[in-house]
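Colleague: Now for the letters of each chain:
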Amino acid sequence: MNRKIMERARQIGYTLLLALGAFITIFPFIYMISTSLKGPLFVFELPPQIIPKQPTIQNFINAWTSNRFGDYFFNSLKVTLITTILVVWFASMMAYAFARFNFFLKKPLFYLVMFFMMMPAMTLIVPQFILAIKLKVIDHLSGLVLLYIAQNIPLATFLLRGFIEQVPVEIEEAAKIDGASAWDIYWRIILPLSLPALATSAIFVSLGAWDEYVWAMTILNNPEVRTLPVAIAAFQGTHNSDWGLIFAASLTAITPIILLFIVFQKFFVKGISAGAVKG
Amino acid sequence: MRTKNFQKQLVPYLFLLPGMIFLSVWLVYPMIQAMNISLHDWEIMPGRTSPFVGLAHYLQASTDPLFWSALRNTAFYALVTVFGQLTLGVSIALMVDRLIRGQVIFRVLYYLPVVTSWVVVSLLFKYLFNSSPAGFINYLFVDVFHILSSPVPWLNEANTAWVAIYSLGIWKGVGWTMVIILAALQLLPEECFSAASIDGANDFQSLIFIKLPLLLPTIILVFIMLTIGAVQAYIQVALITGGGPLHRTDVILSYMYYLAFNDLDYGYSSSLSFILAAIVFVISQAQLRLQRPIEMTAGGN
Numbered sequence: 001m002n003r004k005i006m007e008r009a010r011q012i013g014y015t016l017l018l019a020l021g022a023f024i025t026i027f028p029f030i031y032m033i034s035t036s037l038k039g040p041l042f043v044f045e046l047p048p049q050i051i052p053k054q055p056t057i058q059n060f061i062n063a064w065t066s067n068r069f070g071d072y073f074f075n076s077l078k079v080t081l082i083t084t085i086l087v088v089w090f091a092s093m094m095a096y097a098f099a100r101f102n103f104f105l106k107k108p109l110f111y112l113v114m115f116f117m118m119m120p121a122m123t124l125i126v127p128q129f130i131l132a133i134k135l136k137v138i139d140h141l142s143g144l145v146l147l148y149i150a151q152n153i154p155l156a157t158f159l160l161r162g163f164i165e166q167v168p169v170e171i172e173e174a175a176k177i178d179g180a181s182a183w184d185i186y187w188r189i190i191l192p193l194s195l196p197a198l199a200t201s202a203i204f205v206s207l208g209a210w211d212e213y214v215w216a217m218t219i220l221n222n223p224e225v226r227t228l229p230v231a232i233a234a235f236q237g238t239h240n241s242d243w244g245l246i247f248a249a250s251l252t253a254i255t256p257i258i259l260l261f262i263v264f265q266k267f268f269v270k271g272i273s274a275g276a277v278k279g
Numbered sequence: 001m002r003t004k005n006f007q008k009q010l011v012p013y014l015f016l017l018p019g020m021i022f023l024s025v026w027l028v029y030p031m032i033q034a035m036n037i038s039l040h041d042w043e044i045m046p047g048r049t050s051p052f053v054g055l056a057h058y059l060q061a062s063t064d065p066l067f068w069s070a071l072r073n074t075a076f077y078a079l080v081t082v083f084g085q086l087t088l089g090v091s092i093a094l095m096v097d098r099l100i101r102g103q104v105i106f107r108v109l110y111y112l113p114v115v116t117s118w119v120v121v122s123l124l125f126k127y128l129f130n131s132s133p134a135g136f137i138n139y140l141f142v143d144v145f146h147i148l149s150s151p152v153p154w155l156n157e158a159n160t161a162w163v164a165i166y167s168l169g170i171w172k173g174v175g176w177t178m179v180i181i182l183a184a185l186q187l188l189p190e191e192c193f194s195a196a197s198i199d200g201a202n203d204f205q206s207l208i209f210i211k212l213p214l215l216l217p218t219i220i221l222v223f224i225m226l227t228i229g230a231v232q233a234y235i236q237v238a239l240i241t242g243g244g245p246l247h248r249t250d251v252i253l254s255y256m257y258y259l260a261f262n263d264l265d266y267g268y269s270s271s272l273s274f275i276l277a278a279i280v281f282v283i284s285q286a287q288l289r290l291q292r293p294i295e296m297t298a299g300g301n
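Chains as they are written, first to last, in our numbering: chain F, 1 to 279; chain G, 1 to 301.
Read the hints as simulated data drawn from the structure, not as lab findings. Careful, some of the hints might be misleading.
[As the list claims (entries may be wrong)] Some chain G residues near chain F, calculated using beta-carbon distances under 10 Å:
hint, residue
1, V11
2, P12
3, G84
4, L88
5, I92
6, F106
7, W118
8, S122
9, N130
10, G175
11, V179
12, V231
13, Y266
14, L276
15, A277
16, S284
[What the hints assert, rightly or not] To give an idea of the chain F side of the interface with chain G (calculated C-beta under 10 Å), a few residues:
hint, residue
17, L17
18, F23
19, F44
20, V87
21, F90
22, A91
23, A95
24, L105
25, F116
26, I149
27, Q151
28, L207
29, V225
30, L228
31, I257
Cβ atoms here follow ideal geometry from the backbone N, Cα and C, with glycine treated the same way.
Next comes chain G alone, as it looks inside the complex (with noise of 0.2 Å):
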């Protein structure tokens, strides 16, 4: 009978071992390898000794300009793409849900760049914003629309070539914001809208007063969705400018892979990774804490 029950128990286990294999190997210990690099000078060749530096490399960070940088630049890519995405998937979205024919269609046309590769669609907006007189974006503004008395190496500077890494972030997540909001705004009861009309409101109104504080937990948990996304932000960074020039264009995981497979200075690199883990984290724990209600409220998307 013991052993039978000692069996039972077991089951569950081996359900899990497959997977919790996988995830042993291949992230649990990383991560507590990671962790251990961190505190070191970690050398890769074998038989050179690592020395122990504890929390140098974290204290490193709070003085290095290029980390800071860095980081600077994160934040204002996560600042300006996530506001792009919202506002233009928020009024898309509004558009699209009182349209009676075409949903479909439009949904899948603002969707297309959402599932297409990033490195595809990095390389196509690095040639868009080719710096020759025939790069697509200046025979658009100097040529066709006359903003630009003359072309722009857009991606030799820093400044401009943001203006294309960040209209990438923008234009890669806008149907993705639209397809969620969009979800949201047809689960809405119809009820509020029809009451609200017979009493006098207004489109304008009903949008301000009833629609975008209905659409207000989606809107929230979209936000923070697109931020945890957006301070991970790589393969655009690192195909179209290379993090250059001269570091100027770098973002944390660019920096941070920098670091380690071109400087081989895995210890700060990786106290980067924990850094930029952590404020992952920190994120994440504000979208878990409103997730519930808004599941509870609007059965969740």
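Only chain F is shown next, with the shape it has when bound in the complex (with noise of 0.2 Å):
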């Protein structure tokens, strides 16, 4: 009996306790959807209002609109899409060869992926920021692909090969008998048995793109092509005090990946231990 409401007590204090730090960790979303439905006289008002007292939702029209945001937010969508779809394309083909074959370079190309899987992002910026002045990329969105494609095909194939190893080998070796080659043995099995993995990747080098700041920052100088994240910081530093707009902006922004996390939860927490390898 005693110990019964020991244990209620406990869930009781730990549950509040909990909720408390919840509250404080969204907090500054509330307040950042707060402002973002305030004029740009309530932005510094005293006391701040947390319930906006005139709400309007004025911002959001003038970031969809006269501040183009509708466009950066496609762009993001054009760059994460063929980014997620090329980089799951090529990183499961090289986790296939890893996983299934053996050749003779198998080791060093390895621990080439490996070696790039560690290495910080933006330690080569100079030079790929030469490379993209030679081949005219600068303020393209296909600089962007290109070398996010390249940065994200190591963690993802490094991922995907555990994953793949994992998968018996015995239906492959029944395909082979019957004459599969190589193609169809990886665009028929192993793929197919794959999808978690793939979907695991596909998220994190999608939310990689979606969010990615600082090579698009560095390549895209024209206001007319530019990403979120760019459009965003550079936004900020023009119009300093108008955060109702900037948080209008960052909203659209965020939305659909919070929705994204919410809908595909499992995939998140398989990802994070491998995605974490870059921080």
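Hey, can you piece these two chains together into the complex? The hints should help.
Modeller: Next comes the structure, spelled out in structure tokens:
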């Protein structure tokens, strides 16, 4: 009896403590939403109002129309989709080769992949910038896609190889006897069986591409061609007190990711320990 | 027969080809180029000569007070944020693990900052730490809690700016730590705890003598991964203080970026990149060495 009451008290105590912590954690988001609904006169009102007195969606309209965040949203979407599809495709091919074949350069090539998995993303930015100039992809979204593919392949390959190695080989051997080529096996057996791992990789690649800022800010100078993170940061740089509009734009950028996270929670949890290698 | 064998040998290379082209062009070639740049006083303009200077840039770093200050700042940032994320993340995970109801919702709520872009949360903290009396943190500490007597211009001075940058770093990473520790906790064998409680161990004893020792390998791994992430801090610094005032809040990467794209000192900047990469590789080696035994004992994460 006593134990039961103790346990009950503990459950309530922990829940209250965790709820307080969770409130502190999400409060900045609540405050961001609240600010995005305020006119410019109210963003530094004293005392700050958590529930705006005269809420307005004008910031969202302005962001989407006169400040072209609609265009930037679609730029980000394009870059993210193309990057994700190509990374998952190429990385799964590499992973299949590393998991299922023995070849002369297997070890050195795999170490190369591991090496770039650990290499901090920003370290090569100077030569990559010079290369982007040479290839004339400055101020082009393609310049983003090209580097994002290269940067995301190592970790995705590493993850997928680990998964493919766990897939039992019997099915493939049966298919081989029936005369299936390596490509058939990759396309019809390996890919369908690796769907959960492909989804996990796709999620962290798209998250990375959607949020990437440093490279995009370095090679995109023309306001016509921007992705959301660059546009938001640049907007804050030039209109540094229009916080309502900055946060309206920020919310359009983070909402898809948060929805994706809530829907695909399971894959996020799987992907994070792997995705964390890059910090 | 021989040609057929040769074709067979070729197959894995064909599968590697598309990915390897991207790696070679955008990572391997730039890597060689970066080494080359770091050994020269590099001029980006075609036609200008770039004198070879050997290891001079690496020596330059050793006597550059701004580099040392950036290195110190990076170390402190790692120390403070990793400690904060670990203590909070582990405590929260231990509590969530004991809950009968609400595990999923707390996991989602604490994880939200992790999935939000660095650009957005950096600007958000910049706004919260605004120097005006109506900046939210000033309002909270002056008008609500009465801890401060007057509003603080947080971001105008290095010491107070670090408070904002550190709190952002901790706030953003607690959920990540918590989710990994929670996963490890839920893999621990239940028998240990029931045996201990039959032997009369109270909760505190079973935490100190059973749970924490069993979690230790995961905690060490998380510690290393968080450190690797922390020494690569850039966006939060770039957007909140820009490394200012007078480089006093620079970290290695913000100083490296400044040297390359403001001073156009590509050579020196590239040598700093390699110094950072070396630091990260040393820490990664520790991770690789630890990860293997952990995967065998705890089933990995």
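Colleague: Take the hints in turn and mark each one as holding or not.
Modeller: Hint by hint, here is what the structure shows:
1. V11: At about 5 Å, which falls below the 10 Å cut-off, the nearest Cβ of chain F leaves the hint on V11/G intact, so it holds.
2. P12: holds, 4 Å
3. G84: The hint is violated - G84/G has no Cβ within 10 Å of chain F, the shortest such distance being about 13 Å.
4. L88: holds, 8 Å
5. I92: With Cβ-Cβ at 6 Å, under 10 Å, it holds.
6. F106: holds, 5 Å
7. W118: Where the cut-off is 10 Å and the nearest Cβ of chain F is about 7 Å from W118/G, the hint holds.
8. S122: Where the cut-off is 10 Å and the nearest Cβ of chain F is about 8 Å from S122/G, the hint holds.
9. N130: holds, 7 Å
10. G175: With a closest approach of 7 Å, the G175/G hint holds.
11. V179: holds, 6 Å
12. V231: holds, 8 Å
13. Y266: Holds, because the Cβ-Cβ distance from Y266/G to chain F comes to roughly 5 Å (cut-off 10 Å).
14. L276: This hint holds: L276/G lies near chain F, its Cβ roughly 6 Å from the closest one there, short of 10 Å.
15. A277: Check passed: Cβ of A277/G comes within 5 Å of chain F, closer than 10 Å.
16. S284: holds, 5 Å
17. L17: holds, 7 Å
18. F23: With a minimum Cβ separation of about 9 Å from chain G (threshold 10 Å), the hint on F23/F holds.
19. F44: Holds: closest Cβ of chain G sits about 4 Å from F44/F, inside 10 Å.
20. V87: With Cβ-Cβ at 9 Å, under 10 Å, it holds.
21. F90: holds, 4 Å
22. A91: Constraint on A91/F satisfied, holds at 6 Å.
23. A95: Check passed: Cβ of A95/F comes within 9 Å of chain G, closer than 10 Å.
24. L105: Status holds, d = 8 Å.
25. F116: Check passed: Cβ of F116/F comes within 5 Å of chain G, closer than 10 Å.
26. I149: With a closest approach of 5 Å, the I149/F hint holds.
27. Q151: holds, 7 Å
28. L207: Interface hint status for L207/F: holds (7 Å vs cutoff 10 Å).
29. V225: This hint is violated: V225/F lies away from chain G, its Cβ roughly 17 Å from the closest one there, beyond 10 Å.
30. L228: holds, 8 Å
31. I257: Since chain G brings a Cβ to about 5 Å from I257/F, closer than 10 Å, the hint holds.
This entry does not satisfy hints 3 and 29, going by the numbered hints stated previously.
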